[in-house]
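Colleague: Start from chain S and add chain L according to the hints.
Protein chains in written order, with my numbering: chain S, 1 to 454; chain L, 1 to 394.
What the hints contain is simulated information worked out from the structure, not anything from laboratory work.
C-beta: ideal position from N, C-alpha, C; glycine also.
One or more hints might be untrue.
Label pairs and their calculated CB-CB ranges [what the hints assert, rightly or not]:
1. L:S2 x S:R343: 51 to 59 Å
2. S:G326 x L:V373: 50 to 58 Å
3. L:P129 x S:L127: 34 to 42 Å
4. L:K101 x S:N90: 33 to 41 Å
5. S:L170 x L:R254: 36 to 44 Å
6. S:R373 x L:P293: 29 to 37 Å
7. L:S2 x S:Q388: 23 to 31 Å
8. S:C145 x L:E75: 47 to 55 Å
Where chain S lies over chain L, by a calculated footprint (3+ residues, C-beta under 8 Å) [said to hold, decoys possible]:
9. 38-49
10. 152-162
11. 275-283
12. 302-308
Covered stretches of chain S (chain L as the covering partner; in silico rule of three or more C-beta atoms under 8 Å from a C-beta of chain L) [said to hold, decoys possible]:
13. 381-393
14. 404-412
15. 437-449
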Amino acid sequence: MADIVIIGDGPAGMNAAAVVHAHGHRPILITESRQAGGQGYRRPSPGLELDMPSLMGSEAGKYLALHARFEAIRSAIDYRQNTLVWNIENRTLHLLRDGVASTQSFDALILATGAMDRIAPVPGWTLPGVFTLGGAQVALKDQGCFIGRRVAFVGSSPLLALAAQQYRKLGADVVVIADTTPLLDKVAALPSLANSPRTLLRGLAYLGGAWRAGVPVLNGVTALAIEGDDHVIAITLKDSGNRDRRFACDAVALGYGLKPETQLAELAGATLVYDETFRLWLPRTDAYGRAGPGLYLAGDGAAIGGADAAEASGALAAHAALADLGFAEPGATMLGLRRRVGRLRAFQQGLARAFAWPVAQIGALADSVTLCRCENVSVGDVRRAMDQELGPVEINRVKAMTRCGMGRCQGRVCGPSLQEIVAGHAGIAGAAAGRLRVQAPVKPIALAAADAIS
Amino acid sequence: MSRLTVDVAIIGGGLIGAWSAYFLARRDKRVVIIEKGVVGAQSSGTNFGNLRLQGRFPGQYPLSLRSQALWEQLEDLIGDRCEFEQTGHLYLSFDQKEREKIEAYAAVSETYGLTIDHLEPSDLRRRWPWLSERVVAATFSARDATANPRLVTPAVARAAKGLGVTVIEHCRVTEIGSGGGAFTVKTDTGTEIDCGQVINAAGAWALAIAEQFGETAPLFPAGPPQFVTEPYPYFIEPSIQAVDGSVIFRQIPRGNIILAGYPRTAADPVANRAPVPAAKTLSAMQSLAKVVPALANCHVIRVWSGIEGYLPDMVPVIGPSRTTPGLFHAFGFCGHGFQIGPGVGLCLSEMIVDGETATPLEPFSIARFENPVETDEKFRREFDSEPAPDRSAS
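Here chain S stands alone, though its shape is the one from the complex (with noise of 0.2 Å):
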């Protein structure tokens, strides 16, 4: 019997399973979470009364079979909550649970880790009542909590509107949509949009939702700026036609689309590759998500693509992974997956143009801006060291010079914008500035794990 591990509990790591499963085998499912479904599937915490149909609206539906089908097979399966895997060397997994040290060996692994909120930095960004926008989702759909009562939802992403309307519905206030890509660039990304005409129609039905509120919808806006001493107040902007406004409110949720996570993947042995598109590293698979020998990534951790590409990218790797041991042959469920999961990821291409990543207004970032938060680096910091004498102009150098991306986090959170600001410093390509490489613990592991080793 093969060892078939699965790291991630969201629709690829789930739909991953069930195929396992179906297939007669026991799968090892993974997973840093108390819940299954991922980040955009999430379950609420036991007893928590959320109506979940309601707020998961238009895809409550998939919500519901997703979840069903996971809760028949999950008995069936070998799945371990809680654990996290922090390294990946010589096809065994190292895990942490409970603050155990332990292994895990695997002869194919999925890894479906997915994606995190891609933040650029904005003066202000780091005060108390600034959320992701991720996070200011998972605050609603974990705890049932809103980020603030007077709540700005601001970045470049399809998902502002999305959050906007689950917060409205729950009762908050939406003082403003603001987003940084202008509304002609939006226009121009409709015809790549248009080959999913239902995601679509549903993002601008979220806008309409918004509109017939009242609450302000603004594109191509710039100079973002939060306002507060030692909490938000406000946020502060130019709209599109350079008038400044000013939004009060008590909380941001701040994003600008996701970034997949592919630390596991790198320590695995992935190749990443440079993304002109959404200016960004990501792993390179071939069209079923093999990523190299018994290893397969799926979901939003191997290229954006939302929740209907990760369950079917998942089922996808899992199909690969059966036929590459042998335990099935390729068919055309195989053939129908893949055309599924490319016509869904060149979607996001398109949201990625009309969504952008914002690199002219982080490159005109002032010095003053924070942009590590872990380490307290300043955009200045970094525009200082690599002016110096024999300074870096490379990221991983950059790093080792000013400590940005050093912390906690490990870049995680900065590593974007890090990006940008060493490629717009030096005048380079974004890919020129290179990648900050990973190294384990993928998160922090305390001293007190290593106890249980002998």
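Modeller: Relative to the frame of chain S, chain L by itself:
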């Protein structure tokens, strides 16, 4: 193709190369540093940052003490403190045998004029009450210090540049021609350098240079695994080392605790990789928690390593070539080159400018590898397994 004429070409922009360039430039020599990557990127930039005096190889004390005096004036020399702190260094012993060992180290240190505090458990409890009660005795040297290796080499190279040194990065030496008391250094970027002297300070890559001149040493590459924790309230002032090699650690004033542990791990200088195996991370974590139980819940956030050159007697090669006048070697620092770096640079500059240095360097001659060399006990203990340097292969 560009052509450059200088007095001295230095191969390797590590700490040794940078300091050598700095001191040569102060003596009005025209100098070029040729670095295959960027300055201070390998063990010079990734080491633990210890400026330890106690417990060194006895024959190295004159050099070490001279070097420490330079570290103590770092800011005056290069205009940057690079987080230099006179933290002191504490050796811990966990049993009688280890106690005898640190006492023997202390006796040597005292011969060379270092002040060593000999500490009993009651002293330790009073001075550092958070230390584990397993410690049976310790020695403390107050003059020992630490500095930030990530910052030092670039800062020294900048200072050298300010004195007129040419620094060429991303340039690999391919061949060195010699004849008539002069050298021509050829590189993969096409730049050629004519010079009167060459310093081979290429670290783990130095053997290839030495072999061009008919010299060898059983050099092999390895990397010491290093780890750093999240910031904790600052309470560990000295740099602390368990003499059994299980852990060495220090806390920087901003709060992070840096730790390293033996054994060292073989590295790959061709792929430019010095891996940190998971098992080593865990064993160093375990060792630290045993020495400072209060850190049990402190989190390790990052690991790293770098490639350095080792020799089986755990003593570096420093000094003139035996075959080629004008060529000087300085490599194989065996994980303790950071402290002696400035001193080595100063001595090399004196050898080149004055023809001699007052600091005794005989124990470091490359000549010792013309005969079989005894493997140091430290070597056996500090590595995973004793590599068999294959001289015939290269």
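Colleague: Each hint should be assessed against the structure and marked as holding or not.
Modeller: Right, here's what the structure says about each hint:
The hinted window of 51 to 59 Å between S2 of chain L and R343 of chain S holds, with their beta carbons roughly 54 Å apart. Look at G326 of chain S against V373 of chain L: about 53 Å separates their beta carbons, and that is inside 50 to 58 Å. Checked against the given bound of 34 to 42 Å, the beta carbons of P129 of chain L and L127 of chain S, roughly 39 Å apart, stay inside it. Distance hint check: the CB atoms of K101 of chain L and N90 of chain S are about 35 Å apart, consistent with the given range 33 to 41 Å.
Separated by about 41 Å at the C-beta atoms, L170 of chain S and R254 of chain L satisfy the suggested range of 36 to 44 Å. Distance hint for R373 of chain S and P293 of chain L: a CB-CB separation of about 31 Å, consistent with the stated range 29 to 37 Å. In this structure the supplied range 23 to 31 Å holds for S2 of chain L paired with Q388 of chain S, their Cβ-Cβ distance being about 24 Å. Distance hint check for C145 of chain S and E75 of chain L: the Cβ-Cβ separation is about 51 Å, which falls inside the suggested range of 47 to 55 Å.
For the stretch 38-49 of chain L, the assignment as covered by chain S holds, since 4 residues bring a beta-carbon within under 8 Å of that chain's beta-carbons and 3 suffice. With 5 residues having a Cβ less than 8 Å from any Cβ of chain S, the stretch 152-162 of chain L passes the three-residue criterion, so the hint holds. Look at the stretch 275-283 of chain L against chain S: 8 of its residues bring a Cβ nearer than 8 Å to a Cβ of that chain, three or more, so the hint holds. Chain S is given as covering the stretch 302-308 of chain L, and this holds because 3 residues of the stretch bring a CB closer than 8 Å to a CB of that chain, at least three being needed.
Three residues within the 8 Å Cβ limit are the bar, and the stretch 381-393 of chain S against chain L gives 4, so the coverage statement holds. Counting residues of the stretch 404-412 of chain S whose beta carbon lies closer than 8 Å to any beta carbon of chain L gives 4, which reaches the threshold of three, so the coverage claim holds. With 9 residues having a Cβ less than 8 Å from any Cβ of chain L, the stretch 437-449 of chain S passes the three-residue criterion, so the hint holds.
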